[in-house]
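Visitor: Here is how the chains run, residue by residue.
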Amino acid sequence: MFRYYAWLAARSLRRSPALTALMVLAIGLGIGASITTLTVLRVLSGDPLPEKSARIFLPLIEPRSMDDYRAGDPPSEHMTYPDAMNLLRAGRAKYQAVSTGGAVVVQPPDSTVEPFMADVRFTSADFFPMFETPFAQGSGWSADDDEARARVIVISQSLNDKLFGGADDSVGRTLRLRGNDFRVVGVLDHWRPTPHFYDLIVGNYSETDEIFVPIDTGLDLEFGRRGTMNCWDDATDPVRSPNCAWMQLWIELDSPAQRAEYEAFLVNYSDEQRALGRFERPTNVRLYALPEWLEFKRVVPSDVRLQVWLAFGFLAVCLINTVGLMLAKFLRRAGEIGVRRAIGASRRQVFSQFLVEAGAVGIVGALLGVGFALLGLWAVRQQPGDYASLAHLDPTMLGTTVLLALLSSLVAGLLPAWHACDVPPALQLKSD
Amino acid sequence: MDILPILAALKRQKTAAALIAIEIALCCAIVCNALFLIAHRMEASRIDSGIAENELIRVATAGLGNAENPGLRMQEDLRALEALPGVRQAALVNQVPFFRSSWNTSVRMARDDQQSVADVGAYYGDERLLDTLGLRLVAGRNFTHDEIVTFEGLFAGEEGPRVAIITQTLARTLFGDADALGKEFYPSETPARVVGVVERLIRPNISEDPDFTGLSMILPIRMGGGYGFYLLRAAPQDRAAVIEAARTKLREISPNRIVLSATTIEELRSSYFEEDRVMAGLLVAVVVALLIVTALGIVGLASFWVQRRRRQIGIRRALGATRRQILYYFQTENFLIVTAGIVLGMLAAYAISGWLMQQYELPRLPWLYLPVGALTLWLLGQVAVLAPALRAASVPPATATRTV
Amino acid sequence: MLKMTHLSKAFRTEVVETYALRDFSIHVRQGEFVAVTGPSGSGKTTFLNIAGLLETPTDGQYELDGQDVGRLSDDARSRIRNEKIGFIFQAFNLIPDLNVFDNVDVPLRYRGMSASERKRRIGEALERVGLSARLRHYPAELSGGQQQRVAIARALAGSPKLLLADEPTGNLDTQMARAVMQLLEDIHRDGATIVMVTHDPELAARAQRNVHVIDGQIVDVGEAPRLHMNVSRLSA
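Protein chains in written order, with our numbering: chain A, 1 to 432; chain B, 1 to 404; chain C, 1 to 236.
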């Protein structure tokens, strides 16, 4: 029977091409817009470390002076150099790494290539095992390298391509950064955690850094810094001052018990610093799990959420429009329905016939919707903004599109089909 | 045209009429809010910066190694850039509007105050900066040469600047309606005396709150130590040539350095608001698509009604109704349905606006958008129904005498 | 075959209750060809609607093919219409979007027959009405008489127990009407039970038996020749 209905639907839809085109176009546009915005939202609210994000934590303490203190304020989002290094060296977590961003001039080995600026991550040994960064060659550096302020670096895949033509023996090569020679110890494979969780200041969805360098090495050689720095009292050397907060410490903990322990450790540390007269404000510590931190920082741009709502509003209008048009189309055939009923079609059979027709509109609409979504995502990728290039349709969203379109048109077809099967069986084709 | 019979006829096809009304309502609600959002974004992107935007160029460089005396080098560069043909003024500065990097300082009214009065955008520059930026001084004077302190000196722990030039917005925040000239405040541990007040200068971190955006001051600090960049002022038509010349000149002075960027402030502004423009464009597209879909929906349904009532129309014509009366009938019918939709839509528009206020800290939808939205949809409805109504009007009276 | 006893059908509005049929009893035997006549508004269309299970009676009994069908559900009535009744309409009521073959196919589809069985039946039915050559034509491409023959083929295809015809020649010119009538008589001769509603006495005269309805009641039942006279008198 389904094939008969499908055949009837195809004939009926072909008979009024303009109306059919309008319905299909409306559904397609609505679906296309919704899927485009949903895809962007999905990409942006993704989990940067799917396997272990719940075990990655950002500890915060409150080092600021009493100036502009208000009770209940959340603690500083950054640490001072001394505090970050103290906590790093305390080594209370499974892994811990400091992190802050910067930039440095790279002098390519090939002198015909102009020197250029590259993004730098100042960090420490645990960064690589903690975030499970994929290595194409070599590995990260050791804690000893950190202590020794070794001139070693890890470079990104794109920088390896750019500097060494994608060579697979880059480990051990020398790279000149701001007039100093560094030895390459590792080359990352493609790695772009989305969102760029470990530094939201440089951009929520920015590309991964190109060079990773032990923090003290980079600071000693006065590499450029990027990001916020908040100073309270006078600070002659802000970078290493106990009065300027600008770094973050990331840690990995395996269990809730460890989390509680670490929190207690932070409280202890803060109390100690207060006792020493360094911290002025009341002890105020936080330990954000990575997903909590992304939520707290509202990394997904509000415009993207607004666009999703807008798209679904548009889809709603398109659907109501389609309901109206289908109702008109079906009831225009009231005569046919009456005859079919008289000849012996049951209500359910008439209902099914028209629902199949609605579903057919939905399937064609879905196909068109996928087309529009691809077009929409292509348009998104042409836009500025560091997340634009991430907008791609994946199989899940493709499935969602088809499902959404089918569901939409069936919902849209429900009311008209119900009205259609309500037409009484008749002996006359009534014209009014 | 008598409305009652039309209402009676509508009652007989209330499902379809209700659908159109709901579609109009949703469309109206979305369109009103979208138009407001568009206007809001456009207004935000038209903000007056207070500087001579169409004449300014920002040039940023980076050294390849640790230079001997970066501060001195920067002064040399500046002099060389100043001498380029077409350059009217040049200055070193730490920040400019529309570039996403900002320097902010909490200022106090007394040294030992624990609470600051305001968080202020701090521009650092010497006596050249005021004119290079093209700011309008409304009271007082520019810095003098001996009032300037150096950035390196501040780092080394020297005393902070003793004077400052502030915006009118900051003057009001610090001193109320009183004359700000000669008064002191604390941008650092050292009190600074206000020597000049400029009409307007926005900070780089633009906010929804115009008072926050306008809180800026200029401190007489000469940039150095590798921090800061060059600001060149040239006639609008000379800018392209100046940018080229500056790049060449800087490379000529020292090949041991790269020019990170050399762009006009206009370009910075344009990219600063790019996302807003994209969003506004998107909203315009949605509004247009919504109106088209709705209009086509009205055309479709109205055509169906006309076809369904052909016989009835024929009978009316046979009984003496003029073409015009038939036309009016369908136009009035459309007007009634659209009006119902608009009434619903206004309520929905306000509900959406309330939600947007909560979610996106937007102001309340100004009431003016409601009549605009209503008018748009009334017009849309009338235009859309015209073709089907004309077809109805052209139904011949003889239709009445034909069976089926 | 068809048996109605003390049947009534009332239409209620807010103020009045009007009877389209009142205490209506009729018995049509297997293989009979009955014509139901009467003026406009006499209730003959209501009779046909109830006979065809398109409407339910307000009161009374209706038995079709030995089964009480007066109080069945909508679905059950649909099935009986499909399997036991063939309709022939005044306005032919062919579905304009479908060609001749597909129009005849409609009732068979709802019966869920196999494709080969349907094809065979459609072929036979169209052969019976002499339109085998017009399978792919659309209703709009046929004359009125041909359309009505397609409608008859559609009614016959399901081999119904009862054929109900509503003014089958009402929309046809004399020559075509005669051909269609001849076809109905042939079908009857082959053993079909036919109930035909008409206001045309000449047509009614060709049926085996006439039933005259006025104001929702049967006023006269008789063999065709007698009725012929009665009708003449009544209309005078």
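Source of the hints: derived by calculation from the structure; they are not laboratory data.
We put the beta carbon where it would ideally sit given N, CA and C, even for glycine.
A couple of the hints might just be wrong.
Heads up, incomplete: computed chain A residues facing chain B, CB under 7 Å, no partners named [to be verified]: (1) Ala9; (2) Leu13; (3) Leu22; (4) Val299; (5) Ser302; (6) Val304; (7) Leu319; (8) Leu327.
Label-pair ranges, simulated between beta-carbon atoms [unchecked claim]: (9) B/Trp367 x A/Asn86: 21 to 31 Å; (10) A/Lys52 x B/Ile292: 26 to 36 Å; (11) B/Thr248 x A/Gly165: 21 to 31 Å; (12) A/Trp418 x C/Thr56: 18 to 28 Å; (13) B/Lys14 x A/Trp309: 24 to 34 Å; (14) A/Thr112 x B/Gln75: 24 to 34 Å.
Okay, the calculated bits of chain A under chain B, using three or more residues with CB under 8 Å as the criterion [what the hints assert, rightly or not]: (15) 43-52; (16) 109-117.
Visitor: Hint by hint, note whether the structure agrees.
Guide: So, going through the hints one by one against the coordinates:
Interface restraint check for A/Ala9: the shortest CB-CB distance to chain B comes to about 18 Å, outside 7 Å, so the restraint is violated. For A/Leu13, the suggested interface contact is broken, since its CB lies about 14 Å from the closest CB of chain B, more than 7 Å. At a threshold of 7 Å, the smallest CB-CB gap from A/Leu22 to chain B is about 5 Å, leaving the interface hint in force. Taken as an interface hint, A/Val299 does not check out: its beta carbon lies about 15 Å from the nearest beta carbon of chain B, beyond 7 Å.
For A/Ser302, the interface hint holds, since its Cβ comes within 7 Å of a Cβ in chain B; the closest pair sits about 6 Å apart. The beta carbon of A/Val304 is not positioned within 7 Å of any beta carbon in chain B (closest approach about 10 Å), and the interface hint is therefore violated. Nearest Cβ of chain B to the Cβ of A/Leu319: about 9 Å, over the 7 Å cut. The hint is violated. Of the supplied interface hints, the one on A/Leu327 holds, with its beta-carbon coming within about 6 Å of a beta-carbon of chain B, less than 7 Å.
A hinted range of 21 to 31 Å is violated for the C-beta pair B/Trp367 and A/Asn86, which are about 58 Å apart. Judged by the Cβ atoms, the range 26 to 36 Å given for A/Lys52 and B/Ile292 is violated: they are separated by roughly 49 Å. In this structure the supplied range 21 to 31 Å holds for B/Thr248 paired with A/Gly165, their Cβ-Cβ distance being about 30 Å. For A/Trp418 and C/Thr56, the Cβ-Cβ distance of about 22 Å falls inside the hinted range of 18 to 28 Å, so the restraint holds.
Look at B/Lys14 against A/Trp309: about 30 Å separates their beta carbons, and that is inside 24 to 34 Å. For A/Thr112 and B/Gln75, the Cβ-Cβ distance of about 32 Å falls inside the hinted range of 24 to 34 Å, so the restraint holds. Residues of the region 43-52 of chain A with a Cβ under 8 Å from some Cβ of chain B number 0, which does not satisfy the need for three, so the listed coverage is violated. Under the rule that three or more residues need a Cβ within less than 8 Å of chain B, the assignment of the region 109-117 of chain A holds, with 4 such residues.
Violated hints, in rising order: 1, 2, 4, 6, 7, 9, 10 and 15; the structure is consistent with all others.
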